[in-house]
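Position chains Z and A against the provided structure of chain F, taking the given hints into account.
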Amino acid sequence: MAPSMTEAGAAHPLLRFDDFHVRFPRGPAVRGIDLSLSKGEALGIVGESGSGKSVTWLAALGLLGPAAQITGSVRFDDQDLRTMPAGRLARLRGGRIALISQDPMSALNPVQRVGRQIAEVLRLHRGLSKTEARRETIRLFDQVGIPDARNRVDLFPHELSGGQNQRVMIAMALAGQPDLLVADEPTTALDVTIQAQILTLLDDLRRDLGMALVLISHDLAVVGELCDRISVFYAGRIVESAPMGRLLRAPAHPYTAGLIAAAPRLGRGRGTLTPIPGQVPDPWNMPKGCAFAPRCLHVRADCTHAQPDFAPVAGHRSHLSACVLSTPAQTLTPEQTDALT
Amino acid sequence: MPLLELRSVSRTYARGGGLFQAPTPVHALSDVSLSVARGKILGIVGESGCGKSTTGRIALGLEAPDGGEVLFDGAPMPPEGSAAWRALRRRMQLVFQDPLGALDKRMSVAAQIAEPLEIHAIGTQETRAARVAELLRAVGLRPDQGEAQPLALSGGQRQRVVLARALASEPELLVCDEPVSALDVSIQAQVVNILLGLQRQLNLAMLFISHDLKLVGTIADEVAVMYLGRVVERGTPAQLFAAPRHPYTQVLVSSIPDPFRTTPRPRLSGEPPDPGNRPSGCAFHPRCARASEHCRRTDPGLSLRADGRAVACHHDLQETPA
Amino acid sequence: MTRFLIRRLLRAVLTILIVVVAAFVALRTTSDPAMVILGPDAPPDALAAFRKAWGLDQPLVIQFASYAWQILHGEFGKSMLDGADVLQKVTARVGVTLEIMVPALILGVVFGVALGTLAALNRGRWLDRLMMFGAVAGFSVPGFVLGLVLVLIFAVNLHWLPSGGNDSWTSALLPVFTLAVGWAAILARFTRSAMIEVLDQPYIRTGSAKGLLWHEVVLRHALPNASIPVVTMVGFMVGGLLAGAVVTESVFSWPGLGQLIVTSVTSRDVSVVQCVLVLVATTMVVSNMLVDLLYTWLDPRMKEAQA
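Protein sequence lines correspond, in order, to chains F, Z and A.
First residue of the first sequence? That's 129 in this note's numbering, and the numbers climb one at a time after it.
First residue of the second sequence? That's 215 in this note's numbering, and the numbers climb one at a time after it.
First residue of the third sequence? That's 3 in this note's numbering, and the numbers climb one at a time after it.
Hints should not be assumed to be uniformly reliable.
As the list claims (entries may be wrong) - Label-pair distances were calculated between CB atoms; the ranges are:
(1) 358(Z) with 410(F): 18 to 24 Å
(2) 325(Z) with 413(F): 26 to 32 Å
(3) 278(F) with 299(Z): 51 to 57 Å
(4) 124(A) with 299(Z): 53 to 59 Å
(5) 213(F) with 126(A): 23 to 29 Å
(6) 126(A) with 332(Z): 39 to 45 Å
(7) 116(A) with 410(F): 38 to 44 Å
(8) 276(Z) with 31(A): 49 to 55 Å
(9) 432(F) with 358(Z): 22 to 28 Å
Claimed, not checked - When the alpha-carbon atoms are kept at most 25 Å apart in a straight line, the in silico SDA-like pairs for lysine to any residue are as follows:
(10) 319(Z) with 410(F)
(11) 258(F) with 300(A)
(12) 319(Z) with 369(Z)
(13) 254(Z) with 395(Z)
Unchecked claim - Some, not all, of what chain F presents toward chain A, calculated at C-beta under 10 Å:
(14) 186
(15) 221
(16) 227
(17) 240
(18) 284
(19) 286
(20) 310
Calculated from the structure, these hints are not laboratory results.
C-beta atoms are modelled at their ideal positions from N, C-alpha and C, and glycine is treated no differently.
Extracted from the complex, chain F is given alone in its bound form (with noise of 0.2 Å):
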């Protein structure tokens, strides 16, 4: 089964990762993942603390530190990442493939001039000049919606409220012109009406530059704004991939299903979250079979006995889950799938 032949924008990826595992000295982390992005696409990574969501695109671009051991491939443009030499892929960060994260004011460094900051990348990947940076800054804060750009670009992090400090993370992620925008919980750390402020920029950005976003997040709800696809992952594998509308209405795994009751809803009325019992495994204590068995409501003898192929659902193309429910009992091929759609 080559789930990637299946997805959308296979044929060109920009992104795609195959098996991919990440494995720290206390268990593994991320445990075969395939996935793939193509250009100008917005995806959504949903799933909790330990599910492996951002260890995986941090593991794939590189800044995880020697602990982290990673096996399979991550393709960009259809270079290997992986086997690529530290420099180039560290060039292709800041450049390429930008990175936002989730609270803006620690990771700016607090000693340095935000438009300082943010002119490194601006001679690091587009060789300006010194009064070519600090222009092409101020028009970026004027991208992003910081006002009074001129005076704002010589004020410390500190000096910035937690809003205008990711917008200035995201200044700093478009200076480098990326192809590929990934941004970690980027709203987590803001207040609702900053998070739909930021919301509306990435997604106005994303647009008109046609850049390609992988939105990170543990809000379904956020992730669903923006994006087209969303993943779900737990315990470090995906277990559902289905065009945004798709997934929240109907879901096919278990979990999804779990984490949209468990998710509190305007206009349900009082007391109505149906919480997903038990917690999340341990990375070193992980179950034989689906990792979602022991928390599953519907889970039957053979689910404890081996992972479950991560399949399309029946007659949806576009839609994969990995559940031995959801799956059709007489797997598809991918000429099968793609005649039913």
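For chains Z and A alone, coordinates are given in the frame of chain F:
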């Protein structure tokens, strides 16, 4: 009669200041009136710096207001540190966001749950052990997990321990300040359901403070929306979230992420302003699309409407006079 | 900022004043300089004459007033022992002490920071463990022990270097090395922990995510942040520079300020001791002020904390 009542409570902090410079007054709270009855949950929502945590601390008597009064069970809050105040500790408890910070890392959780029983001299040695086991079961833990130290437990389990400890002295009021914000969604629902079950079973009055509008909307009987130290709108979740009336509540509600939204995402201009530099008149006017000269000059104040909700907006008052 | 400066300046003056008073009181009340300098067998009229000559027969308050008056005019008086001008006597020794202290400090800072950074970058690996073992050894072995061992090896056994004095530049090698080892050890530990803390900060990952190579991240983003606490430490070291040489100078018979302190304290040469104390206190206070100023320059967050 409400169990807890805040009447026109104000709280001002002094910020900065020195030898040659007067300190800036920061109005953390001004003219806040709220009440919670037994068995009811009042949700308080708002963004950072709106005064929601200060409200919680004042409700518990951990901080004294500069103006207005706090009534608990009909009687004014005794002065902090007095014998009457200490006796009240038993009847009200606080649960906040970080369970690890609230627990002693080197003590077994059972010992920590027993602590309030010892402090308030409730029961004997034997009955306490039984009570701790009962409390552990009530929050969905096994009694043998009481021997564990906090670091050996998961985040959700730790917050259950904090909850068990808070309930040990059989309080009547529980103030929860972002109690589940640090937890994953699936665990959050577990803890919230336990909290709600116990609240109903013990007929607790609860102040539930959170930035998570959806969560507050799901569990509260009444919700107060705060902006810059004031309550700008108060009503049932159904009223507030289905048909918000204050422009700020409208922006808040439409800011909630919604994958299937039919209206464009709101564009609220500006950042939450500085409480040390409160705008004149209606504090929301610099960010309000409907702000008029009247809004810039006069504070609307919270006024009660026919449908039972309270709104602090001049426009709303003109459109639907009570 | 100006207010901050004025406040610091006032506090500095106050500190020096307290040192002057405390030194004065302590030296006059613990023993009688006349007795110590002239000896216990001196005839009573000689003692009386000595006391009269140095004003020791006056009430303490009067003595202090005239002393303070002198200091304000930059007068530190004459040595009770030999009548030489105290200020000249002291400043001559300051230069000699700085001859070993300055090179030792430079070496200590360069090696301490470099080794601490290297250890932090190799956290948990053998290089880190080796260096931290060396650092612990370096500052747990007292300076005089290390000094004596070095003298035994290089002077007594090998005859490569002189065992003491300051006859040629080679005699400075052992004291400089002894001092530098102690400082480098302290700074290496300090730099390592500061660096490890900084390397765990999210902005370090941002540096890598921007496309910087690892050494660029370390140089541009980690070191400037880690240097903030290290600068404080170096400031303390500079402050203690003059007083810190007592032991080392004794071991290597280096005729600097440290030796002068020892001889003038034992011989109760009160005016010399007071002058040295004022000098030492002033350098400490001034270096602390400079550290504070440097701090606000290195860490912009400090400016608001002070305002």
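Does residue 254(Z) pair with residue 395(Z) here, judged by a C-alpha cut-off of 25 Å? Status holds; Cα separation ~21 Å.
Need the status of pair residue 319(Z), residue 369(Z): alpha-carbon distance at most 25 Å? Within the cut-off at roughly 13 Å; holds.
Does residue 227(F) hold up as a contact with chain A if the rule is Cβ-Cβ below 10 Å? holds, 4 Å
Starting from the hint 22 to 28 Å, judge whether the C-beta atoms of residue 432(F) and residue 358(Z) obey it. Holds, since residue 432(F) and residue 358(Z) (Cβ atoms, about 26 Å apart) stay within the stated range.
Just to be careful: measuring from the Cβ of residue 240(F) to every Cβ in chain A, is the smallest value less than 10 Å? At 8 Å from the nearest chain A Cβ, residue 240(F) passes the 10 Å test, so the hint holds.
Note whether the CB distance of residue 126(A) and residue 332(Z) lies within 39 to 45 Å or breaks it. holds, 43 Å
Holds or violated: is there a CB of chain A closer than 10 Å to the CB of residue 186(F)? holds, 8 Å
Status of the given 53 to 59 Å range, CB of residue 299(Z) versus CB of residue 124(A): holds, 55 Å
Under the criterion of a CB-CB separation shorter than 10 Å, is residue 286(F) in contact with chain A as hinted? holds, 5 Å
A range of 38 to 44 Å was offered for this pair. Does it hold for the Cβ distance of residue 116(A) and residue 410(F)? Check passed, 40 Å falls within 38 to 44 Å.
Closer than 10 Å between Cβ atoms is the bar; does residue 284(F) clear it against chain A? Give me holds or violated. At about 5 Å, which falls below the 10 Å cut-off, the nearest Cβ of chain A leaves the hint on residue 284(F) intact, so it holds.
Are the Cα positions of residue 258(F) and residue 300(A) separated by 25 Å at most? Answer holds: residue 258(F) to residue 300(A) is near 22 Å, not above 25 Å.
Violated hints for the displayed structure: none, as all numbered hints are satisfied.
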